[in-house]
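S.K.: All chains should be built: construct the whole structure from the sequences, respecting the hints.
Protein chains: 2
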Amino acid sequence: MQAEIITIGDELLIGQVVDTNSAWLGRTLGEDGIKVTQITSVQDDADQIARAVNEALARVSIVLVTGGLGPTRDDITKHTLAELFGMRLVRDEQVYETVRRQLAVRGIAFNELNRGQALVPDGCTVLPNRNGTAPGMWFERGRKILVSMPGVPFEMKALVTDEVLPRLRTHFSLHANVHRTAITFGLAESILAERIAPWEAALPANLRLAYLPSALCIRLRLSAYETDPEKARSEIGRQFDRLTGLIPHYLVGYGDDTLESVTGSLLRSRGETLATAESCTGGNIAHRFTAMPGASDYFLGGVVAYSNEVKTALLGVDPDSLNRYGAVSRSVAEQMAEGVRRATGATYGISTTGIAGPTGGTPGKPVGTVWMAVATPEGVHSHCLVFGSVRAQNIERSSSNCINLLRLQLLGFGEPPLSDNI
Amino acid sequence: MQAEIITIGDELLIGQVVDTNSAWLGRTLGEDGIKVTQITSVQDDADQIARAVNEALARVSIVLVTGGLGPTRDDITKHTLAELFGMRLVRDEQVYETVRRQLAVRGIAFNELNRGQALVPDGCTVLPNRNGTAPGMWFERGRKILVSMPGVPFEMKALVTDEVLPRLRTHFSLHANVHRTAITFGLAESILAERIAPWEAALPANLRLAYLPSALCIRLRLSAYETDPEKARSEIGRQFDRLTGLIPHYLVGYGDDTLESVTGSLLRSRGETLATAESCTGGNIAHRFTAMPGASDYFLGGVVAYSNEVKTALLGVDPDSLNRYGAVSRSVAEQMAEGVRRATGATYGISTTGIAGPTGGTPGKPVGTVWMAVATPEGVHSHCLVFGSVRAQNIERSSSNCINLLRLQLLGFGEPPLSDNI
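Those sequence lines, one after another, are chains A and B. Sequential numbering of the first sequence, starting at 1, is according to UniProt numbering. Sequential numbering of the second sequence, starting at 1, is according to UniProt numbering.
It cannot be assumed that every hint is accurate.
In silico SDA-like links for lysine to any residue, alpha-carbon gap of 20 Å or less [to be verified]:
id: 1; chain 1: A; residue 1: Lys35; chain 2: B; residue 2: Ile14
id: 2; chain 1: A; residue 1: Lys35; chain 2: B; residue 2: Asp47
id: 3; chain 1: B; residue 1: Lys365; chain 2: A; residue 2: Pro293
id: 4; chain 1: A; residue 1: Lys35; chain 2: B; residue 2: Ala46
id: 5; chain 1: B; residue 1: Lys144; chain 2: B; residue 2: Arg51
id: 6; chain 1: A; residue 1: Lys157; chain 2: B; residue 2: Val17
id: 7; chain 1: A; residue 1: Lys365; chain 2: B; residue 2: Ser296
id: 8; chain 1: B; residue 1: Lys157; chain 2: A; residue 2: Ile14
id: 9; chain 1: B; residue 1: Lys157; chain 2: A; residue 2: Gln16
id: 10; chain 1: A; residue 1: Lys157; chain 2: B; residue 2: Ile14
id: 11; chain 1: B; residue 1: Lys35; chain 2: A; residue 2: Glu11
id: 12; chain 1: B; residue 1: Lys35; chain 2: A; residue 2: Asp47
id: 13; chain 1: A; residue 1: Lys157; chain 2: B; residue 2: Ala392
id: 14; chain 1: A; residue 1: Lys35; chain 2: B; residue 2: Asp10
id: 15; chain 1: A; residue 1: Lys35; chain 2: B; residue 2: Val17
id: 16; chain 1: A; residue 1: Lys157; chain 2: B; residue 2: Val18
Hints listed in this document are in silico derivations from the structure and should not be mistaken for laboratory results. Everything numeric in this text was worked out from a predicted model, so none of it was measured.
M.R.: Here's what the structure looks like:
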């Protein structure tokens, strides 16, 4: 089953907005076995929209259109589609009510533009948009389907998940496509592939494995093409259990899990707390934990100890150690982790101290050298990694590896296995 | 002058990679008066590439193609373009040398695939790629131009800036298009537009103003269509000087300036230092400063005081104040800023304490309520803002407004003007 995406909006073409909708749609449709073969971005222009829609409908069975709706654009897409499909615009009472109610809540007067929002082509199926005023519209031409949706990402995503995909599955009798994604951290793609090759080779024929690498982790997706979704789900579960046995240190979680969400959940379930002492990561570890709702359940706070004086004054790092070993050293990293644990009364203290770059390296400690430590009630564990020369990457990778060091401690894995500095 | 962009790569269509090249190209070409009218993303497929290229060349004068090059893709784009333009592939000695040298540096053996990389269509102009192995290729069909470039963003951007744009300007005798962007913070678009309406109305006819709003600021771009670039630059400078007089509090800087880069530069030039005390922003302000190279010149560090106990233990906040006024209060914000200034010896201490959400609000202090303070050698200044219910936005907006409070103090503007909570 093939699909094309058409995104409409001058803001995409002048580069004011990056089109992130298309990548999300490509991924989401792909998980249901629908292959996106072209993405076309066009201006808010009736002729261009009509041409792009006709060409796409000639090539594939499914065309998803985002954007070009809303009162300030004269709903140009809606008028163009109505004409293309030979329909009249009529008032939809439910959409009218939605617009009226949403404006009333915000105390805005209902005007002629809003009245226009309630018009829909009379032969399309209206898909309710629970997050905004512009509804989705489902058109059929023969067996082919075109769906028009608003361009606001969270409105579009909810429409696709709640309305569009279920209807496409029914319309095209798509096989149930069950999938689940495991998150790994700490092994480069080539090494991970080598390590899990026997497992991959032994996968049943109806399961397909995909590698989805990103800057921070490698995700492994198992998809099952199987008419019995329950059976597929339990088969995928069994296979991921086997995978966990093979790479226990590296398999972090599933789905939307992240290093910090998994670590936070472990702390919460154990009734334990965390504090951070950051030098080279400059507050980024604290930020990654506190970006999650409910972080206050386990996150007490921390110190960003950028200067040596702050390391000494707030964390009690010994000035002699700073002089003798330098700020980027095992001794200082361990004292920072222990110091923040003591100062805040947290169960665990974690620390980073390194050279983020692009300058500041020495032959013995090049840019990218980072020491990190975890202080626990039983003692302190530390670890050194050497990353590259790009500051933003060094900060992000140090943060991830430091959080991972704590995760491994919480799971009783002790010292981390050899890492290739992912 | 109109252009289309074609991006090639399966990874774009399955959603593994978001296409950021197109937005950059749209913006960059737009600054030279070239309007992008369509963006088409296609698979690594010869037929699809050939169709997309022919259709685009039929519509516009300039077609920019990115991606689809490199040995692991069989250089499919190169073969397709050679055929389309009726050219043979021949070895380019300069490209051959570049590939050989780059592999030698990395100790990689030269193989058949690499030999293929040195082949180019014999009628195109080869544009050197100083950041990678695949060169740019410039084709002409009548007066129309097609340029093929690698998809790696930093390789593509350097090619466009160094090679493609200068050649397009000459080929099409484009007028010099001078432009400069001012960064504003603290006024919503509609209010800003009202405030600067007289200035905009009085702009000379050869200057054009564009609003470029983003999540964190509103950028105002002035472009001049003028044959004398020197004259245009000084005219734009004069107009922005007038604008500064009109909205002195709100005009933060120019070009790539940010609130934190401007504030950091002010601190550096005065030889002064900063420390942060963050509750609801959870380390994000420290992270934004330390993400910039050279932050250690003025940033000493800070405390992430998430729990009340840490506010008291590390910042000396009075437990009575926490009980009487609550953690989200003027008194606590001021004590946090003063506390971190005292503890670190910094010239300035800045603080945030608020309810990031999505839960935790009360009728008197709804989600999104944030107190922030700046402690200076002369005293402490504080400010309360109420944002919305989205946690990530509340964290980012609180961070920006807190940094802005310090910026206004450093510039001697004292208390911030009324803000509409941008």
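S.K.: With reference to the structure, classify each hint as holding or not holding.
M.R.: To see whether the hints hold, each was checked on the structure:
1. This hinted pair checks out: A/Lys35 and B/Ile14 have alpha carbons roughly 7 Å apart, not beyond 20 Å.
2. Pair hint A/Lys35 plus B/Asp47 holds up; C-alpha atoms about 17 Å apart against a cutoff of 20 Å.
3. As the CA atoms of B/Lys365 and A/Pro293 are separated by approximately 18 Å, the hinted pair is consistent with the 20 Å bound.
4. Simply put, A/Lys35 and B/Ala46 have alpha-carbon atoms about 18 Å apart, close enough for the 20 Å limit, and the pair holds.
5. For the hint pairing B/Lys144 with B/Arg51, the CA-to-CA distance comes to about 17 Å; that is within 20 Å, so the pair holds.
6. About 18 Å separates the Cα atoms of A/Lys157 and B/Val17, which keeps this hinted pair within 20 Å; it holds.
7. At roughly 18 Å between alpha-carbon atoms, A/Lys365 and B/Ser296 fall within 20 Å of each other, so this suggested pair holds.
8. Between B/Lys157 and A/Ile14 the alpha-carbon distance is near 16 Å, which keeps this suggested pair within the 20 Å criterion.
9. Simply put, B/Lys157 and A/Gln16 have alpha-carbon atoms about 17 Å apart, close enough for the 20 Å limit, and the pair holds.
10. Taking the CA atoms of A/Lys157 and B/Ile14, the gap is about 16 Å. The hint holds against a cut of 20 Å.
11. About 12 Å separates the Cα atoms of B/Lys35 and A/Glu11, which keeps this hinted pair within 20 Å; it holds.
12. Restraint check: the Cα-Cα separation between B/Lys35 and A/Asp47 comes to about 17 Å, which is no more than 20 Å; the hinted pair holds.
13. As the CA atoms of A/Lys157 and B/Ala392 are separated by approximately 19 Å, the hinted pair is consistent with the 20 Å bound.
14. Our distance criterion of 20 Å between C-alpha atoms is met by A/Lys35 and B/Asp10, whose separation comes to about 10 Å.
15. Among the hinted pairs, A/Lys35 with B/Val17 is consistent with the structure: their alpha-carbon atoms are about 15 Å apart, no more than 20 Å.
16. Of the pairs offered as hints, the one joining A/Lys157 and B/Val18 holds, with about 16 Å between alpha carbons and a cut-off of 20 Å not exceeded.
Consistency note: the structure conflicts with none of the earlier hints.
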